[in-house]
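Please dock the two separately framed chains into a single complex, following the hints provided.
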Amino acid sequence: MNQEKMIGQWFSQIGLVIRLEMSKTFFSRRGLWVYLLALAPVLIWLGHSLSEINNRKERQALNAAHPVSNAALRSITPGMTIDEVLEKAGEPFAKVEFHRPNASFDSYQYTDGDNVFVFTFRNSRLLGINERDRDTIPKDSLIFAGVFQFFYLRLAIFFGCVGVFTNLFRGEMLDKSLHFYLLTPIRREILALGKYVAGLIATVVIFCTSTFLQLAALSLHFTGSEVSEYLAGPGWGHVASYMGVTAAACLGYGSIFLAVGLLFKNPIIPAATVLVWEGMNIFLPAALKKVSVIFYLQSLSPVVAPPDANMPALQKLLVTAAEPARPAVAVLGLLALTIVVLAVAARKARQLEINYSTD
Amino acid sequence: MQDRIVDRIILDNVSRFYGEVLGVNRVTLSIPPGITSLVGPNGSGKTTLMNLITGLVRPTRGSIRVLGVSPADPEKLFRICGYATQFDSFPRGMTGFQFVYNYLRLSGMTHDDCERTTAFAIGRVNLGEAAHRKVAGYSKGMRQRIRLAQAIAHDPRVLILDEPLNGLDPLVRAETIALFREFAAEGRHIIVSSHILHEVDTISDQVILLSNGYVVAEGQIRGVREEMSEHPMQVIIRCTRANVLASRVFEQDHVVEVRLHADGGGLLVKTRDADRFYKALNHLALDGLGIESVAPADDNVNSLYEYLIGGEESTR
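Same order as they appear, the protein sequences are chains A and B. The first sequence begins at 1 in the working numbering and counts up by one. The second sequence begins at 1001 in the working numbering and counts up by one.
Just chain B, with the same shape it has in the complex (with noise of 0.2 Å):
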């Protein structure tokens, strides 16, 4: 039990109220080593919870333990646990290389340590040659991955990691998130919110979906989706006589759904029971409907987070 309290972060009833808006309410979570991706709409309530995590804001109910630590104990947890946040300002007038300096002092290393340590944490994240310039001319992109050097400066266990995607161009993303999957292969926490859905599943290994400040699933992703057996698969098929393939699997009782494709080309199929629903399709296949191709439409964070969200909240 002690080496799964100090292995995980744990969230347990918390929620945090601002006056009478909701933040987050009632989270109860175990987060495992790896990357674990918070996925939600504006307000959700993600960035709420890494605040919570992090100690930035304190629960209005509930306890929070990272690795063991309390967040109300900064002169711990800041030793273990490293923050990229959002906020795209900075201190006047520093350097990149300053700023991560400045900051990486006060955990106490020595002036020598702390350029070596610098250097090589601005290293990680390509922004050598950037160092020396002023914060306050970068571009987002650049500004982005300073913070993500002064998050990973201190070699934390716990990288939590507020949008750390947005405003990379495609190659230092794809680099960015080879860093986090290094840092996940090395036993470490990565919390990454993001609301570019399609990064989040090639990244991470749990996602925790918010909606309205309450975790709506948690998990790795193929397991929540079996979690929502009332969830309907949705199946495209392209085919010649998409009309008379929908009137047929239209009768199957397991299919809740039929759309027809504009062109006529096509359809799209909602049913509750995949292994059926595919049996069926072998035989009707045969009776000569052009069937061109199957592909399932949905297995992924995407659809489950239309699905569980609802369909009014559109996702980003």
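Looking at chain A on its own, in the form it has when it is part of the complex (with noise of 0.2 Å):
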């Protein structure tokens, strides 16, 4: 067989495969709770936007039954007397008052539909102003980077790939009916391959479907003006960021899982060391960052996730800075990355036995 024929053939064999595994891996029982995890976090933030709706909905209520204007509660400064403050904003939709042996304290709330002014008096004059402003979408985007960062690449997309990648030949194993796929002339790497680009497939549709959705339920809370000016600016842009960074996720996940299901018996302990080795990934040396998916994710991320404020300080300490990496190092890091544990997995395929009694 000449070589471009058989080139022919290994990419023919390939798209068979992952014919073959599609239904498998988008429809399996033991798959199920990978969409489960896919949908967790769309619900939360579906959860959240409704929340807000309704909070939004009540403070206009609020707003109409004590009308009061933006700027009027603005135009509040500490040192006012009780008085004074009634006179610009009027009679507050709530009022708590409580007494201590030397003061007596008085919280009056206002809200002018959006925000929500919570005005304090000591005997009477206004100490402090607590502002609780309505969510706005550079503050959401900036708690969505937060999730998504530290949660959603991290352990739903890290144990949805655990779960398909890791059974792409464990399952069979366990199943008992890998061995069909072994007495057919396919090179094991090509099957190793064709499962791979299978798994990937399946991971990318239900985990990017999840991204697209999360930020569809995250934007439900603000105004289809607010939206489409967010999406004419850098909206597209986070997007598409996100949804390729969820692929990426995929790709390094996938490749370490599918070679993990290969080398490992029981994949949970692998699984927990790598799950350790990403997380402590920000107290790494530069140098060992680099081998790890989580750093090129983290630099591919269009909005930088702010730094966790409950940090312990002796923690903290411990946190190394690395630059992130550019764009195309970030992608051309992970391709390698991803190569090189693809390589290792074939060759573990092309070493691969039948021996179910002990599997």
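Quick caveat, the hints were computed from the structure, so don't treat them as lab data. One or more of the hints may lead you astray.
In silico lysine-lysine, PhoX-like type, Cα no more than 25 Å apart, as pairs [said to hold, decoys possible]: (1) B:Lys1279 x A:Lys176; (2) A:Lys176 x B:Lys1134; (3) A:Lys348 x B:Lys1076.
Computed from a prediction, not measured in an experiment: that's the story for all the values here.
What follows is the structure, given as structure tokens:
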């Protein structure tokens, strides 16, 4: 068989393996929880949006009952008396009064329909103003970046890939049906590649759909004009980047867990090791950071996630700063990592044996 | 020499260990075309040997060539080789037709060729009517046959079948054996493992007897029998004066054991020299001992097997 024909046949075999694997990957009962992992953040953002919509309705109703403008509320400054505040803003929608031995405190709450202002008085003098702004797109964008990088990438996609990719070989070992592939004239490396691509298609479809739905769910509580303005600006770029990062996560983690499924009978311990390695990425020296998937994914993320404000000071000392990789470098780095891991997986697939009794 | 290599399945000093457990040890075989049966009790190494030949497991030591092709090269091997394993599990959700068709497509055939070939293979194992039913709903015998269909679909020159007659009803069993014979007559290699020794006896051109991972004998059934000069031949004699006959035959130096039947109407004689025994029996028959019938008890695989493997391991 000449080389051209042989390569053509490999592509054809990869296509056939993908076709055979698709229904198993998308519709296997064993993989049901992957859908739940992908759906969970959508539901969380949807809940957040519905709650925000509800809050805004309440604020608008309160503002209708106790009308006051944003300008009037912003003109109030500390030191004013209760009477001066009442003159500027009228009656609050909520009033709380409490007494201490040496002082009396009053708390007045106002809303302009969007934001909530809490004025705290001490002995009838305005002590402080606490403003609870309504959610804005930039604000939610930062929250989304944090959740996306720290939870969605590191947990949902990570475990989703564990479920899908370790099962590509291991699942068939458990079902005792892997040998049917091995009894056909297909190179084991081609089989591993075909299975990997099938897993990749499944995870990319599931998790990219989830990413898109999360962003859509998140935008539900903003007005049409706010959303249009955001999309006309960086919005579509962010959407595309987040989906790209999601696909890249499936690419990287997928290769790792394909290899894990081939190298280990029980993938839990190696998966936990990878999880710890990825989790401690921020503490690793710059050179070691690059031997991880999360480093490249974070470099590719369109919004830099704010650091964890609750991190203990001692822990903060251990964090090592490293310049995020440039997008091209991040993509190449991730591809290089994926190719190396796939090469290891292919080599293991070449040596694969059928020994169901011990698997 | 080259012709011999490309016409035979050759195992050269092959050993396979699972950790410290022996799979097969120092197996050297040269299997010619025709039907070859692997016989041995559970754990004797039959399936390991088949898995080694098909590359599902790799030898710890030694080398294997299937008509000149290494089992480490599945791309070439499974164009000439089909293997029906005894693993009774299938990919989920497939019909019998899809099962054969899908794996056949991986060999590079076009859709039309695959459809035609699949239908033909399923027809050969008489499963045409059930072809479009889910394999999960098949009986054991039907699952056995669909595996056979998958193994023969690409018209292999080497067919390896692990317990292929298990679960088949007598009619289908006869048809399947006829199919094996047809393949063998075409000059193909058919390697069959079975516990049902009487079937092996009737279908095999040669047998390979395995015990505890070792090949204890190989060759044509009669040839193997003759090789075992130390193996006493057993003869059953029915007669009216069995006890007298027993004492008379036991005087012969080549007779090693005589057992009277429980009903007192016959005896089993074990002798190392059949020719001398029959001559002596002719003389004894003239003495009015009432000999009714004389029949060899063991010129089959079963007796050989019992002898070679030892009385502790029962044949199945």
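Structure-based check of all given hints:
1. B:Lys1279 x A:Lys176: Distance of about 58 Å is beyond 25 Å: violated.
2. A:Lys176 x B:Lys1134: 17 Å, holds
3. A:Lys348 x B:Lys1076: Judged against 25 Å, a Cα distance of about 20 Å means the pair holds.
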